[in-house]
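Student: The chain contents come next:
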Amino acid sequence: MLTGLNDNEIISKVLGGDQQAYALLVDRYQRYVFTLTLRFVKTREDAEEVAQDVFIKVYRSLADFRGASKFSTWLYTIVNTTCITFLRKKKLETHSLDNEKVFEAADSIDSGMRANLVEQKSRVAMVNKAIQLLNTDDAEILTLFYKGEQTLDEIAAILAIEPNTAKVRLHRARTRLKDKMEIHFAEEVKDIL
Amino acid sequence: MSIHQTNSPFGEGDEQRLWDYIDGLSSPSEKTVIEQLLEANAEWKAKYHELLDVHQLMQSSELEQPSMRFTKNVMDEIARLQIAPATRSYINNNIIRGIGLFFISIIIGFIIYGIGQLDLDWSSSGKSVIPVDLSKVNYSRFFNNTWVNAFMIVNIVAGLFLLDRFLANKRKKFTE
Chain A
63 MLTGLNDNEI
73 ISKVLGGDQQ
83 AYALLVDRYQ
93 RYVFTLTLRF
103 VKTREDAEEV
113 AQDVFIKVYR
123 SLADFRGASK
133 FSTWLYTIVN
143 TTCITFLRKK
153 KLETHSLDNE
163 KVFEAADSID
173 SGMRANLVEQ
183 KSRVAMVNKA
193 IQLLNTDDAE
203 ILTLFYKGEQ
213 TLDEIAAILA
223 IEPNTAKVRL
233 HRARTRLKDK
243 MEIHFAEEVK
253 DIL
Chain B
6 MSIHQTNSPF
16 GEGDEQRLWD
26 YIDGLSSPSE
36 KTVIEQLLEA
46 NAEWKAKYHE
56 LLDVHQLMQS
66 SELEQPSMRF
76 TKNVMDEIAR
86 LQIAPATRSY
96 INNNIIRGIG
106 LFFISIIIGF
116 IIYGIGQLDL
126 DWSSSGKSVI
136 PVDLSKVNYS
146 RFFNNTWVNA
156 FMIVNIVAGL
166 FLLDRFLANK
176 RKKFTE
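Here the protein sequences line up with chains A and B, keeping their order. Residues 63 to 255 in the numbering used here are what the first sequence lists, from first letter to last. Residues 6 to 181 in the numbering used here are what the second sequence lists, from first letter to last.
So that you can see chain B by itself, here it is in the shape it has in the complex (with noise of 0.2 angstroms):
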């Protein structure tokens, strides 16, 4: 959006934008754009009046008192209590590295004998670059429990979250 469109209604997404401007998040462009809307628009100047009241208003709002015993009450509990040992201190990332490989050997394992159960015709001429004709694969033998839908909806399913979380970190370092 630009300053030249000052006709349009102030919607919800320019409140946004004000609210950035003034907590110091627009990009100098933006800043630039927005300061210029300010001098030109007395409908985002009142906005932002609006917006900078509420902001003042709650830096100025002060924070609770507890009671005058607060301190020597919880002094008194700790004194009884030891600090626990960091977590990193008694976690042995050999012991997770070694549950990771055992249900990789599983997901490894049960795709191997999925392959060993296929019906392979490997007589068959070599015209295709793939040495398989997948037409005369027999899935069904795959796909011919529940369970084993089950495992592989939820692997799909924890595959698709890791390319999400994969895919959101990639965005992130590319926006920032």
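Same shape as in the complex, but just chain A (with noise of 0.2 angstroms):
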């Protein structure tokens, strides 16, 4: 069974000539790359384009992965530089905690989910709202960490910073994901701890 193979295997039998053996890792990583992506791009749709062109680079690239990393590092570098590149070409707005707008912004994102969130008062939603709140670097991070498997040795790889930087970056998103629960989830937080 191909699926039982592991990441540097797969791309073996993909330079090899395998193309669907690609397949394998787009199942294996889309979830990953599309959250990540989500955390950039504020729309499901700019998202999943972007996590497509995500793995299309990826494809193109497929040579060029010595395997000297993880699979899923040398991924994540290309997410964030993809990422970077989108929102540079279409001039999004980035949520930056610096800017009063972006206040009034998560206040309305906060108020049209306060809604959403009391149905379905669980705790996995509450924190998937409050990493929304964050700026794009803070969720990004956080996500790098808790959800993509990463050391801070690599995550410090995969932004181009120091790992003792990645580490105070990682500190200060995570006091400012308890600040943003506390200030828009109060209720929900004693509820659910």
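No incorrect hints appear here.
To give an idea of the chain A side of the interface with chain B (calculated C-beta under 7 angstroms), a few residues:
#, residue
1, Ala-85
2, Val-88
3, Gln-92
4, Leu-100
5, Glu-110
6, Ile-118
7, Tyr-121
8, Ala-125
9, Asn-190
10, Arg-236
11, Lys-240
Pairs of lysine-lysine residues, derived as DSSO-like cross-links and limited to a Cα-Cα distance of at most 27 angstroms, are as follows:
#, chain 1, residue 1, chain 2, residue 2
12, B, Lys-52, A, Lys-209
13, A, Lys-240, B, Lys-50
14, B, Lys-175, A, Lys-132
15, A, Lys-132, B, Lys-177
16, A, Lys-242, B, Lys-52
17, A, Lys-152, B, Lys-77
18, A, Lys-152, A, Lys-119
19, B, Lys-177, B, Lys-36
20, A, Lys-240, B, Lys-36
21, A, Lys-209, B, Lys-77
22, B, Lys-77, A, Lys-132
23, A, Lys-240, B, Lys-52
24, A, Lys-119, B, Lys-77
Since the hints were made in silico from the structure, they are not lab data. Beta carbons: idealized from backbone N, C-alpha and C, even for Gly.
Using the hints, put the two standalone chains together into the complex.
Tutor: Written out as structure tokens, the structure reads:
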């Protein structure tokens, strides 16, 4: 069964001419890539377009993957650069905590979400919504650390920063997430925790 | 910081220590100190549980799911494409080295030219260890052109940058 193959074995197969084997990698990582792109791009349509673009770029550049790092680390590096390029092209507003307008935007997102959240009442929904209120950099680093199964060194490589900087950024992102949850989801946090 | 400093207010640095502890990044000695603090200090304990809740909430978050056709769309796209040859197969290292050599030659040539332009009094007495009387060197001949100055500044900045990288790597190896 091909599904039992590890990433490097699948890559060898694809490089050897078995193009269909690439579907295994897409299946394996599509949720990770899509989640990460959603941290940059706020609509699901755009996020899906960028995620597809990532997998196409990865396929085209597969011969450049040397196996020095985990495939996922290399993949997320491409996600990061592709998302930044996409945002530059579209000149989309990225959410920044330093921007007052963003607070307003966050509040409007929050009020829209609150009704939905009351129905769902689940910690998963609350955390996902709280992450949406964060700025792109915070949301990305949290996703890489908790969902992307990346170490701080790997995150540093993906974001092209020093490991210690990655550590500080992760710390600040968690603090801001905690603050967001306390501000926007105080009641839910009490119920859940 | 040690266990004895339990009365000081809980700061951001302490929060970072707790996150390291939660992430399993603390050294064994630091781990012991924090465990003692958690037992002895109520503020530390409360903060630890607060951070642990956030940590567990993050762990419970879920990945988003793209559309059902996602994989098929990607496979349809790549069906028309071919894997590009590896970059290392068409970038010749000798060319890169040649370019580096070219620039080094220019710098060396510039230095030799500059030295050749100096007014040196070679007949002066040989009392000094250095056979050049630095006070008689006409530096204005070196630095009498804006472009030369700019070139020198760029080189100095590049040198400092390389030194910084070198020292950062040394520090990283040392701390590992």
